[in-house]
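What follows is each chain in one-letter form.
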Amino acid sequence: MRFVGLKGYSRYSDKKAYTLDEINRMEEVTVVLNRVRESEDLERMCKALKHEHVVLNEIASIARISREKKVTASVGLNPLNNHDLEFYEELGAYAVVLPPELNEEVESFEKKDVKIEVFRKAFVEMFYKGKCFLSSYLSGKSVKRDGECRMECGKKWEVFYNQKRVGSVTFKPKLIEYDVGGDLLKYEIRQIKGMGVIEHGTDNKHPKP
Amino acid sequence: MELTTNIPNLEGMSECSIKPYDGIYLGMPYCWEYEGNFVSNLHDLEAGIEILRSLKKKTYVTTFAVPRNKDLEKIYRLVETVSDLCDAIEASNLGIIRYLTKEYPDVKVHAGGLTNIYTVSTAELLYSIGVSRIVPAYELSIEDIEKMKDVGVEIEVVVHGKIPVGIGHECFLKRFSKIVGRDCPKICREEMYFKSEDLVLKPFGHATLSGKDICMYEHIDKLEFADAFRIEAVTERIGYRERVGSIYRRLIDDGFSRSDFESLKALSENGIANGYYFNKAGQIYVSR
Numbered sequence: 520m521r522f523v524g525l526k527g528y529s530r531y532s533d534k535k536a537y538t539l540d541e542i543n544r545m546e547e548v549t550v551v552l553n554r555v556r557e558s559e560d561l562e563r564m565c566k567a568l569k570h571e572h573v574v575l576n577e578i579a580s581i582a583r584i585s586r587e588k589k590v591t592a593s594v595g596l597n598p599l600n601n602h603d604l605e606f607y608e609e610l611g612a613y614a615v616v617l618p619p620e621l622n623e624e625v626e627s628f629e630k631k632d633v634k635i636e637v638f639r640k641a642f643v644e645m646f647y648k649g650k651c652f653l654s655s656y657l658s659g660k661s662v663k664r665d666g667e668c669r670m671e672c673g674k675k676w677e678v679f680y681n682q683k684r685v686g687s688v689t690f691k692p693k694l695i696e697y698d699v700g701g702d703l704l705k706y707e708i709r710q711i712k713g714m715g716v717i718e719h720g721t722d723n724k725h726p727k728p
Numbered sequence: 335m336e337l338t339t340n341i342p343n344l345e346g347m348s349e350c351s352i353k354p355y356d357g358i359y360l361g362m363p364y365c366w367e368y369e370g371n372f373v374s375n376l377h378d379l380e381a382g383i384e385i386l387r388s389l390k391k392k393t394y395v396t397t398f399a400v401p402r403n404k405d406l407e408k409i410y411r412l413v414e415t416v417s418d419l420c421d422a423i424e425a426s427n428l429g430i431i432r433y434l435t436k437e438y439p440d441v442k443v444h445a446g447g448l449t450n451i452y453t454v455s456t457a458e459l460l461y462s463i464g465v466s467r468i469v470p471a472y473e474l475s476i477e478d479i480e481k482m483k484d485v486g487v488e489i490e491v492v493v494h495g496k497i498p499v500g501i502g503h504e505c506f507l508k509r510f511s512k513i514v515g516r517d518c519p520k521i522c523r524e525e526m527y528f529k530s531e532d533l534v535l536k537p538f539g540h541a542t543l544s545g546k547d548i549c550m551y552e553h554i555d556k557l558e559f560a561d562a563f564r565i566e567a568v569t570e571r572i573g574y575r576e577r578v579g580s581i582y583r584r585l586i587d588d589g590f591s592r593s594d595f596e597s598l599k600a601l602s603e604n605g606i607a608n609g610y611y612f613n614k615a616g617q618i619y620v621s622r
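Just so you know, the sequences run in chain order A and B. Mind the numbering: the first sequence is residues 520 to 728 in the numbering used here, read in order. Mind the numbering: the second sequence is residues 335 to 622 in the numbering used here, read in order.
These aren't lab readings, by the way, just hints derived from the structure by calculation. None of these values were measured; they are calculated from a predicted model. Mixed in with the good hints, there may be bad ones.
[To be verified] Which residues of chain A face chain B? A few of them, derived with a C-beta cut under 7 Å, are:
#	residue
1	Thr-549
2	Phe-642
3	Phe-652
[Said to hold, decoys possible] Covered stretches of chain B, as calculated for chain A (at least 3 residues, CB under 8 Å):
#	segment
4	394-403
5	450-459
6	493-500
7	509-520
8	592-601
All residues carry an ideal CB built from backbone N, CA and C; glycine is no exception.
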C-alpha cells in the first residue's frame, strides 16, 4: 500500500503532493485528501480519481464517498474510542486510523467490521494529530485547511509558573517506532523524505513496508 | 441572544458570577482530575444543576473533550445522572456525540468547539443525526461560520476568553510538578504560561489555550447571526467570569461602551486578539 497526497487536498504541504494527472498515471495507490474541505468538493475530486481507495478527514464526505470507494477515516478526525469506530462504521468507512498515542490500548477496541489502522512508525507531536491549531494561531496557516504547518511547537518555550520562570521546554515532533498490531499498519515518513509518497502501509500479514 | 459561560466546579458558582448569563455549561472538559470538577463529582454536579434551576438559568453539562475507552464508563455514569436534569449535554468527541443522539434521543446535544466542525457539510450531517447546537471550529472566519446558519442548527460562538490551540494525551503542567513543588490537582491552582518572544500559551490539563483573550466586544455586531455568545472562563481566576459577563450583558442590552472595552483589555493579562474570525493569525487583534 502506498499513500500519496493530492495537491491542494493533502495536509502535509503541496511540495510533497502530486497532481491529479500524475496520480491517475500511478498504479495501486491510496490517495490522501486529508485537508478539510466541503464534501461536494471532495466528492468531485474523488470521482476524478481512478483509484479505489482514499483517505478523508471530513465526516460528510466519508458518508458520501464510501458508497463508491474504499474510504479510510483519517487520523485527523481523532478517533479515540469504541463509539468513534461505531460512528465511522455507520458512515461507511473501510478503516479508521488511530492516533499513535493509543497504540498501547489497541486491544481495548471492540472488533467491528471497520478495520483498525495503526502507526508502526509515527511522529508524536505536541497535540493529537488533527487537534492542533497552533500554526494558525501564531502564523495564520492552518494545517487542516491550508495543508501547511509552521512547526511552532518546535520553538523553545520559556515556562513561567506563578509569574516566575521555572524552566524551558520544546515540543519538537518525535519519530517513534512501535511494536503494535492492527488490521492495517502505517509507517509515517512524510517529514523524512521530500518526496510524494507520504506514508507506507501494509496489512498485518506483511508487516514490512 | 443567549449569553453563556462555563464553570468547572461548585467553588466557581457564586450567584454574582452566574447572574449576567442565560446559560451555564457545568464541568471542566480538559481534565478529569481538576479539583471538584463537576464531571467527576456527580453529587456536586446535581447540586450545581439545582442552583442553576433555582436561578432560572439554562443548564448544560459538558463532557471530557478527548475520551478514550477507559473514560467511557465515567461518561456513561455522568450522562445517566444528568440526562433528565439538564437542558443539553455538550460533547466534542464524535463517537460520544453519536452515542448521545442514539441512546438519548430526547436529550439535546451540543457539539463543542473541539469537535472540528469546519464545513457546512459536517454541520448538516451532525444536525441530521440529532445535534441541536454546534460551536464551529475555532479556526473559522465569520463568513465561514455564517454559512452554517442555513443548515438550521443553532450556532454558538466564543466572543471572549482563551480558546484551545490544541489538545493532546498529556497534561504539560505535570512535567513541572517537581520543579514547582506541586502535584496534580493542586498544580493548576496557579497559572502556568509558555512564552517564546512575544508569543504566549497557557497549558491547562490536556489542552493548551491561547495566551491572549479572544475579544469580539468591538465587533459583536458581525456575530449577531449566532444563537449564543460564549464567554470562555473555565480556566480563569475568581472574578473574571462575573466581570467579563457583566460587560457583555451591558453590551447586549445597552450597546458599546468605551470604558467597558478598556476594562476588558485590563482584565486580559496577555492582551487581546480576535481569534480566527477575520481570516488572520489567531493572535492578532483587528480594531474596529
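To test your reading of the hints: which numbers does this structure violate? 1, 2 and 8
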